[in-house]
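Hey, can you work out the whole structure from these sequences and the hints?
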Amino acid sequence: MSEFVIELLITLSKISVVLAVLLTGVAYSVYAERRVSAFIQNRYGPNRVGPQGLLQPLVDVIKLLLKEDIVPASANKFIHSLAPVISIIVSLSTFAVIPFGDTITIGDRVIKLQIADVNIGVLYFLAMTSLGVYGVTLSGWSSNNKYSLLGGLRSSAQMISYELSMGLAIIAIILMNGSLQLDVMVNNQAGWKWNIFLQPVGFIIFLVSAFAETNRTPFDLPEAEQELVGGYHTEYSSMKFALFFLAEYANVIISSAMITTIYLGGWQFPYLQDFGLPPMLVSIIQILTFVTKVVALVFFFIWVRWTIPRFRYDQLMNLGWKIMLPLGIANLVVTAIVLMLLK
Amino acid sequence: MKFDLETVLFISLSVLSVVSAIYMITRKNPINSALFLILNFFTVSGLYLLLKAQFIAIIQVLVYMGAIMVLFIFVIMLLNLQFQKKKLESYSYKSLTSILLAIMLFGILGYTVYFGFEGKFKGMSDKALEIGTAEKLGAELFTNYSFPFELASFLLLAAIVGAIVLAKKKFE
Numbered sequence: 001m002s003e004f005v006i007e008l009l010i011t012l013s014k015i016s017v018v019l020a021v022l023l024t025g026v027a028y029s030v031y032a033e034r035r036v037s038a039f040i041q042n043r044y045g046p047n048r049v050g051p052q053g054l055l056q057p058l059v060d061v062i063k064l065l066l067k068e069d070i071v072p073a074s075a076n077k078f079i080h081s082l083a084p085v086i087s088i089i090v091s092l093s094t095f096a097v098i099p100f101g102d103t104i105t106i107g108d109r110v111i112k113l114q115i116a117d118v119n120i121g122v123l124y125f126l127a128m129t130s131l132g133v134y135g136v137t138l139s140g141w142s143s144n145n146k147y148s149l150l151g152g153l154r155s156s157a158q159m160i161s162y163e164l165s166m167g168l169a170i171i172a173i174i175l176m177n178g179s180l181q182l183d184v185m186v187n188n189q190a191g192w193k194w195n196i197f198l199q200p201v202g203f204i205i206f207l208v209s210a211f212a213e214t215n216r217t218p219f220d221l222p223e224a225e226q227e228l229v230g231g232y233h234t235e236y237s238s239m240k241f242a243l244f245f246l247a248e249y250a251n252v253i254i255s256s257a258m259i260t261t262i263y264l265g266g267w268q269f270p271y272l273q274d275f276g277l278p279p280m281l282v283s284i285i286q287i288l289t290f291v292t293k294v295v296a297l298v299f300f301f302i303w304v305r306w307t308i309p310r311f312r313y314d315q316l317m318n319l320g321w322k323i324m325l326p327l328g329i330a331n332l333v334v335t336a337i338v339l340m341l342l343k
Numbered sequence: 344m345k346f347d348l349e350t351v352l353f354i355s356l357s358v359l360s361v362v363s364a365i366y367m368i369t370r371k372n373p374i375n376s377a378l379f380l381i382l383n384f385f386t387v388s389g390l391y392l393l394l395k396a397q398f399i400a401i402i403q404v405l406v407y408m409g410a411i412m413v414l415f416i417f418v419i420m421l422l423n424l425q426f427q428k429k430k431l432e433s434y435s436y437k438s439l440t441s442i443l444l445a446i447m448l449f450g451i452l453g454y455t456v457y458f459g460f461e462g463k464f465k466g467m468s469d470k471a472l473e474i475g476t477a478e479k480l481g482a483e484l485f486t487n488y489s490f491p492f493e494l495a496s497f498l499l500l501a502a503i504v505g506a507i508v509l510a511k512k513k514f515e
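Listed in order, the protein sequences are those of chains A and B.
For the first sequence, the positions run 1 to 343 when the numbering used here is used.
For the second sequence, the positions run 344 to 515 when the numbering used here is used.
Honestly, the hints are just simulated from the structure, not real lab data.
Be aware that a few hints might be false.
[As the list claims (entries may be wrong)] Okay, derived cross-link-like pairs now, SDA-like style, lysine to any residue, Cα gap no bigger than 20 Å in a straight line: (1) A:112 / A:21; (2) A:146 / A:230; (3) B:371 / A:144; (4) B:371 / A:75; (5) B:395 / B:355; (6) A:77 / B:355; (7) A:146 / B:355.
Written out as structure tokens, the structure reads:
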């Protein structure tokens, strides 16, 4: 086999493993959401299928697949089918740049645990989140339903507004690292030099923006069921609805992975190299560290959803434009000045 | 011509970009036109990637696909533009100009293709390969081209202030 074919096979296997883990993670975060919300509201939640209801996601998927797929008569059929596909492709492909471990050595080949180590790294993440707006907007428009349209428009306005403060928080991190590459950022956070301690304001801005970008409570206005029936996916059923659902939870996981990578040290386990463990074990511990951090953040997302009530629309816009954006700019300026002084 | 992955990608991306551009100007529904324009931007971004200009490729996605086209679609949805019923009117003077412009465009294209095959445009130099990265582009913008860069930023600032003044009905 030539070198090219081997590289191709390695990349393809990395992609399939990541996709499999991600989709399983999505299914189980839905389950976790239902169980945690039940716990918070003093109920049981799904506990019938399998031990502790652990097979519930499987049953849910089968149910969604077997449902009838309805397209509204006056909908734009092509765009109506296209919108959920855009949503899921955009959210899944975002994971390509996230490093989920350092390197792993199999035989004499060193494999980087990241699908695509590109020079533009974090910009790719921003670009993909900005494309996520299309799925929501187009689904809202093509359904030919006023609630869907309102949900779609709200969502686009919200995502565009919070993208800016998210970008500003990231620029401060880029300034500190002098690179757009995510693995450089992770390497610079060795030990306890996590960016959350160096950039606490940036972390808060990024976290809040991530909640807004993923349309989660307290920013779930696009699907505020009391006002909009169900928002942009009101007219969707069966697997098309499931794709939106998948995309939402995939976005939660990917935002958590991104927060982990940028602010919580990624796969870094403090002082792991001092223990003198065999390299294979070190790689596995690093991957598990990454997964643990991501799972903790996903739990945090769920926890917040069932604790904080929804914002009003004007409050949301005020928070985005009058608090988060100036705070982001101030954070950026202060970071730049401090870096200049330290130089 | 050798058939490696890059050639295959180049040919498919260029065909897709030309086809999407033609579809963009011939669709009657403005939303479909906008979607084909987005597809066109995407293929152009892929072509930038083939030229190793990663930064420009991602900025193409981020700015054109992720920001400008979202606004376009916003406007089309909010104004609820209907299907373009009227065909192009007044063929007389418009067609003359468009024929002239088309001849000029194909002249430039033909010139590039013809002289390109003559061997004037050889593969990329090392400098061209590294110019596409964010580091090199940033260094150039802030040293050699700092004046035009600042000028452009002033222009944008003026545009932002103008937009706010236009949008705000009256100042308290």
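Review point. Do the alpha carbons of residue 395 of chain B and residue 355 of chain B lie within 20 Å of each other, as the hint requires?
Key: holds, 17 Å
Exercise for review: Starting from residue 146 of chain A, check that the Cα of residue 230 of chain A is at most 20 Å away, please.
Suggested key: Satisfied, since the Cα-Cα distance of roughly 11 Å is no more than 20 Å.
Practice item. With a cut-off of 20 Å on the C-alpha distance, tell me whether residue 112 of chain A and residue 21 of chain A pass. Key: Cα-Cα ~17 Å, so holds.
Review point. Is the hinted pair residue 146 of chain A and residue 355 of chain B satisfied, with a Cα-Cα distance of at most 20 Å?
Key: At roughly 39 Å apart (the allowed maximum being 20 Å), residue 355 of chain B and residue 146 of chain A break the hint.
Review point. Are the Cα positions of residue 371 of chain B and residue 144 of chain A separated by 20 Å at most?
Key: Holds - the C-alpha atoms of residue 144 of chain A and residue 371 of chain B are around 18 Å apart, at most 20 Å.
Review point. Holds or violated: residue 371 of chain B with residue 75 of chain A, Cα cutoff 20 Å?
Key: holds, 17 Å
Check your understanding: Do the alpha carbons of residue 77 of chain A and residue 355 of chain B lie within 20 Å of each other, as the hint requires?
Key -> Given that 20 Å is the threshold and the Cα spacing comes to 27 Å, the pair is violated.
Comparing the model with each numbered hint stated earlier shows that hints 6 and 7 do not hold.
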